[in-house]
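Could you build the full structure based on these sequences and the hints that come with them?
Number of protein chains: 2
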Amino acid sequence: MSEAREKSAGRRGGRDARHAARKDPTTVHAPYIQRRIPLTEILDDAALEMIEANADTVLEEIGIEFREDEEALKLWHDAGADVQGERVHFPKGLCRTLLQTAPSQFVQHARNPARNVTIGGSNTVFAPVYGPPFVRDLEGGRRYGTIADFRNFVKLAYALPSLHHSGGTVCEPVDLPVNKRHLDMVHAHIRYSDKPFMGSVTAPDRAADSVAMCEILFGRDFVDQNTVLINLINANSPLVFDSTMLGALKVYARANQATVISPFILAGAMSPVTVVGTLTQILAEALAGMAFTQLCRPGAPVVFGTFASSISMQSGAPTFGTPEPTMVLFGAAQLARRLNLPFRSGGSLCASKLPDAQAAFESMQTLLPTVFGGVNFTLHAAGWLEGGLVSSYEKLIMDADQLAMMEILAGGVDTSENGQALSAIREVGPGGHYLGCAHTQANFESAFYRSPIADNNSYEQWDAEGGMDLPQRANKRWKKLLAEYQAPDLDPGKAEALDAFVAGKKAAVPDAFV
Amino acid sequence: MSEAREKSAGRRGGRDARHAARKDPTTVHAPYIQRRIPLTEILDDAALEMIEANADTVLEEIGIEFREDEEALKLWHDAGADVQGERVHFPKGLCRTLLQTAPSQFVQHARNPARNVTIGGSNTVFAPVYGPPFVRDLEGGRRYGTIADFRNFVKLAYALPSLHHSGGTVCEPVDLPVNKRHLDMVHAHIRYSDKPFMGSVTAPDRAADSVAMCEILFGRDFVDQNTVLINLINANSPLVFDSTMLGALKVYARANQATVISPFILAGAMSPVTVVGTLTQILAEALAGMAFTQLCRPGAPVVFGTFASSISMQSGAPTFGTPEPTMVLFGAAQLARRLNLPFRSGGSLCASKLPDAQAAFESMQTLLPTVFGGVNFTLHAAGWLEGGLVSSYEKLIMDADQLAMMEILAGGVDTSENGQALSAIREVGPGGHYLGCAHTQANFESAFYRSPIADNNSYEQWDAEGGMDLPQRANKRWKKLLAEYQAPDLDPGKAEALDAFVAGKKAAVPDAFV
Numbered sequence: 001m002s003e004a005r006e007k008s009a010g011r012r013g014g015r016d017a018r019h020a021a022r023k024d025p026t027t028v029h030a031p032y033i034q035r036r037i038p039l040t041e042i043l044d045d046a047a048l049e050m051i052e053a054n055a056d057t058v059l060e061e062i063g064i065e066f067r068e069d070e071e072a073l074k075l076w077h078d079a080g081a082d083v084q085g086e087r088v089h090f091p092k093g094l095c096r097t098l099l100q101t102a103p104s105q106f107v108q109h110a111r112n113p114a115r116n117v118t119i120g121g122s123n124t125v126f127a128p129v130y131g132p133p134f135v136r137d138l139e140g141g142r143r144y145g146t147i148a149d150f151r152n153f154v155k156l157a158y159a160l161p162s163l164h165h166s167g168g169t170v171c172e173p174v175d176l177p178v179n180k181r182h183l184d185m186v187h188a189h190i191r192y193s194d195k196p197f198m199g200s201v202t203a204p205d206r207a208a209d210s211v212a213m214c215e216i217l218f219g220r221d222f223v224d225q226n227t228v229l230i231n232l233i234n235a236n237s238p239l240v241f242d243s244t245m246l247g248a249l250k251v252y253a254r255a256n257q258a259t260v261i262s263p264f265i266l267a268g269a270m271s272p273v274t275v276v277g278t279l280t281q282i283l284a285e286a287l288a289g290m291a292f293t294q295l296c297r298p299g300a301p302v303v304f305g306t307f308a309s310s311i312s313m314q315s316g317a318p319t320f321g322t323p324e325p326t327m328v329l330f331g332a333a334q335l336a337r338r339l340n341l342p343f344r345s346g347g348s349l350c351a352s353k354l355p356d357a358q359a360a361f362e363s364m365q366t367l368l369p370t371v372f373g374g375v376n377f378t379l380h381a382a383g384w385l386e387g388g389l390v391s392s393y394e395k396l397i398m399d400a401d402q403l404a405m406m407e408i409l410a411g412g413v414d415t416s417e418n419g420q421a422l423s424a425i426r427e428v429g430p431g432g433h434y435l436g437c438a439h440t441q442a443n444f445e446s447a448f449y450r451s452p453i454a455d456n457n458s459y460e461q462w463d464a465e466g467g468m469d470l471p472q473r474a475n476k477r478w479k480k481l482l483a484e485y486q487a488p489d490l491d492p493g494k495a496e497a498l499d500a501f502v503a504g505k506k507a508a509v510p511d512a513f514v
Numbered sequence: 001m002s003e004a005r006e007k008s009a010g011r012r013g014g015r016d017a018r019h020a021a022r023k024d025p026t027t028v029h030a031p032y033i034q035r036r037i038p039l040t041e042i043l044d045d046a047a048l049e050m051i052e053a054n055a056d057t058v059l060e061e062i063g064i065e066f067r068e069d070e071e072a073l074k075l076w077h078d079a080g081a082d083v084q085g086e087r088v089h090f091p092k093g094l095c096r097t098l099l100q101t102a103p104s105q106f107v108q109h110a111r112n113p114a115r116n117v118t119i120g121g122s123n124t125v126f127a128p129v130y131g132p133p134f135v136r137d138l139e140g141g142r143r144y145g146t147i148a149d150f151r152n153f154v155k156l157a158y159a160l161p162s163l164h165h166s167g168g169t170v171c172e173p174v175d176l177p178v179n180k181r182h183l184d185m186v187h188a189h190i191r192y193s194d195k196p197f198m199g200s201v202t203a204p205d206r207a208a209d210s211v212a213m214c215e216i217l218f219g220r221d222f223v224d225q226n227t228v229l230i231n232l233i234n235a236n237s238p239l240v241f242d243s244t245m246l247g248a249l250k251v252y253a254r255a256n257q258a259t260v261i262s263p264f265i266l267a268g269a270m271s272p273v274t275v276v277g278t279l280t281q282i283l284a285e286a287l288a289g290m291a292f293t294q295l296c297r298p299g300a301p302v303v304f305g306t307f308a309s310s311i312s313m314q315s316g317a318p319t320f321g322t323p324e325p326t327m328v329l330f331g332a333a334q335l336a337r338r339l340n341l342p343f344r345s346g347g348s349l350c351a352s353k354l355p356d357a358q359a360a361f362e363s364m365q366t367l368l369p370t371v372f373g374g375v376n377f378t379l380h381a382a383g384w385l386e387g388g389l390v391s392s393y394e395k396l397i398m399d400a401d402q403l404a405m406m407e408i409l410a411g412g413v414d415t416s417e418n419g420q421a422l423s424a425i426r427e428v429g430p431g432g433h434y435l436g437c438a439h440t441q442a443n444f445e446s447a448f449y450r451s452p453i454a455d456n457n458s459y460e461q462w463d464a465e466g467g468m469d470l471p472q473r474a475n476k477r478w479k480k481l482l483a484e485y486q487a488p489d490l491d492p493g494k495a496e497a498l499d500a501f502v503a504g505k506k507a508a509v510p511d512a513f514v
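Chains as they are written, first to last, in this note's numbering: chain A, 1 to 514; chain B, 1 to 514.
Hints listed in this document are in silico derivations from the structure and should not be mistaken for laboratory results.
Remember, predicted model here, so these are calculated numbers, not experimental data.
Any copy will do: because identical chains look the same in the list, a pair fits if it lies in one copy or spans two.
Under the rule of at most 25 Å between Cα atoms (straight-line distance), these lysine to any residue pairs were calculated in the SDA-like manner:
#, residue 1, residue 2
1, 74, 429
2, 476, 312
3, 92, 103
4, 480, 313
5, 92, 429
6, 92, 50
7, 92, 431
8, 494, 116
9, 92, 422
Quick look at the structure:
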């Protein structure tokens, strides 16, 4: 069935919701995926326990460096760690003990409460690509991203029901000053979408600005008591957290906002070339970083993150969609569940320069394991191209179509009497045809996923319509979505206050472009 | 790592095998995948038992038609079924009882014993696309298939180590007479490959010719006691077996050759629009067809087959790569395992007219579930395009690359001391780099899958090399493989006898083109 399916009941149920979905498919939708199929788990308990023991050894004997952050080192010392210079050695069990205050799942609030997402448990939240300096579309080709592109991607993510989240740096707006662009990015997420979003992590004061803008939007007390931002804190693998990331981490954790502690791994360069070795390092880094959030504010929501790919052993270039990182994803998800913490990984990752078959093969090699493996928060779920260097308009549309299918797959099988359809088998009988039978007619609208961009027509019809490939059809669709885009209402007082905040911050310091 | 990886030890082990693989990657390979990761199973026992009970109800109350085959009806009557006209009603448990003589797994012998495949258990065998009347390549576009194309596809499947099987009708050679082309097809599989292959099912005498050619190749007694052919018997869903398929079935089962009993389902047309309803019908059809093989010859190898997709509820056109058929695949695999019988389904299916991103998305939506769901025999694993109307040269190459990755993924995680890589983590330490470390150097060749066609280079390098998409690179590769193709040795006496058999058969009757 169509995209209307992914916009299922919301807070209305049954016939009403289906009727509403038919009438206006953009108004009713599921805010995130609730998985009802079993997990795929590729490691047995013995392997998981071995990895945990090895990670404990790494944490104790090798340690993790917390660089250029005296406060972090003092916090670790006071918590009982053995701090030698910038190297922190963790007594066995310390990180796990600290993590007992971290929630197993949490709600990230959106300014539209119907868009709130629950991160953790059996839920999966899809967010768009994060971080590319370039954008690409069919006509414009590859070029540096601008704030206009950024706003377009926010608008498109808002318009695509299979994206549950507005994301963060959907592309880098390189036309804006480095020290101020975070203001326009956060502002765009607030202004052009009502889905949950991410804050800036490139400097502590930019993180603080992100929190301050949320305080204007949600109220100061609400922000202190609730999670309204989720923020990506990458480890500087192997075994290092740098002062930039630590600075942002501290701001967010102390503001009770969520952090995703993500070892960023290209295996073979930043971790060993093996799956188990990579998982060991990921677990050690994630444990140390996540535990640190609880030193900053016990109870602050934190997500076990993993970005893992591998490199070409010929060229050193990152590769995507290969089997070894898929195994890392499955294994890391299992390790996170054993910690009873939410897990971030996966997406629609690829190395391809074009939204071609390579891009699709590689993306699906990551996306299906994302769903089968039980990832809770998925950055880069749509729009990622060229190893994350490019945000692609067409790929955003193509990926969103796949994401919509993931919701159905994760929803599991209907075993109700209607699902069993014995009446249909009886009615049709041997040699008959099901198209016209009563059961088919009754289930016509909800029976099958209906892609807005896949072509299933006859060769002759497809040829007569121009013989387009998938990116060409996706191109038409994003233009249509942008043309039809309508901004969600925003309280005028809050809008004004946000404008004033951004203007004030911009006026306070000169532009910087490095 | 490279394709050399999929050509692992063979009968030589360790260092020797690796050395051989480096020197000549076409000589050593794994003949099929042995899965060492857990299965993904989406249905619980209660759902499976309900489907089994419903299928029993269908078999008993509605029944299955065995059309225009008096012998089949008599066999069923004698076995205790209630035969009314062509409609056979099965007392509860009859089919399952009959199936107790069917083997849970079996070896299909190839003329090169190193290529023998075991079908069933935790094994997966990949065979190329089956049945398309058209072929497509980048320069020639879409056109009717010829025997020259057929031979090319056999040669390419022989050259691609991730294809374990030569398949059957890799494309329809429409330039040959309908009543004789099976001779040239079987001959091509024997002559141009030494992998296992499939026999003709389009008429009983063509099935008999296929067996006769195998008797020349393997010896009459060997064929009677061993499986050398696997053959695709489609149900005429819903709930019908026709005389053509029954005729071929009887020939093969009585010759102790394997049959794949495959309900061929486009859900919404040939089965109910629901997953459970479709599974119920599939199980009923498969049980009846498989049990019939045991009436023909108890102990004859038989495979539970499922080809299931769905249709567009707008146009009636078949769709591929959507979530509902994926759920059918997972469920049918579970049902087959509960019967302790081998299972056939899946592949790299797509509706796309081009080897573009749609083709790749759709193919992976089927292929990954094929592996995670535990399919034992996979037709259409490579080369399928346009809903099975087209055998694509480029897609064959693209799919084979994905199949090679499936072998690694299915192989599971290395938990050995080398796999744990603690020494590497110690050696490199915080902030270091793994590329030069001893562990990386020692595992350099086998660390990561190396695609022969994916591009992971920098944008600049890719652009300088022509900015090719994946089909363009695949085009170069199939031409290279064909140019380098060398036929496997065939005993001259057998070759001569086969030539004589084919010539004699061709001379015996006039050509027919319908």
